[in-house]
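Participant: Mind the numbering: the sequence shown is residues 715 to 787 in the working numbering, read in order.
No wet-lab data here; the hints were simulated from the structure.
Just so you know, not all the hints are guaranteed correct.
The calculated label-pair distances, taken between Cβ atoms and stated as ranges, are [as the list claims (entries may be wrong)]:
#: 1; residue 1: Asp773; residue 2: Lys741; range: 26 to 32 Å
#: 2; residue 1: Val753; residue 2: Pro774; range: 24 to 30 Å
#: 3; residue 1: Ala784; residue 2: Leu757; range: 47 to 53 Å
#: 4; residue 1: Ile787; residue 2: Lys765; range: 50 to 56 Å
#: 5; residue 1: Ala784; residue 2: Asp752; range: 42 to 48 Å
Positions of the beta carbon are idealized from the N, C-alpha and C atoms, including for glycine.
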Amino acid sequence: MSNRVDFEEQNTISASAGQNDDFSEQKKREMREQLQSDVESFLQQGGQVQKIEDNVRADPPRKPTINYGAAPI
Numbered sequence: 715m716s717n718r719v720d721f722e723e724q725n726t727i728s729a730s731a732g733q734n735d736d737f738s739e740q741k742k743r744e745m746r747e748q749l750q751s752d753v754e755s756f757l758q759q760g761g762q763v764q765k766i767e768d769n770v771r772a773d774p775p776r777k778p779t780i781n782y783g784a785a786p787i
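Start from the sequences, fold in the hints, and give me the full structure.
Facilitator: Take a look at the structure:
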């Protein structure tokens, strides 16, 4: 069996890819609307949104580990 995709299959894949792009755009729009709704609900219940500076990290920097040559021969 060959791994080569014939011309007809390739056209079918390309045509369906266009539909998937529309579908993914629709899904993205739905997700954005759901996120907006969730944020509005959170704020209405007294929640607050805080602006965090760009350089703040949740995990502190760690010393790099050097494992080169540590494996047994």
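Participant: Hints broken by the structure, by number, lowest first?
Facilitator: Result: no hint breaks.
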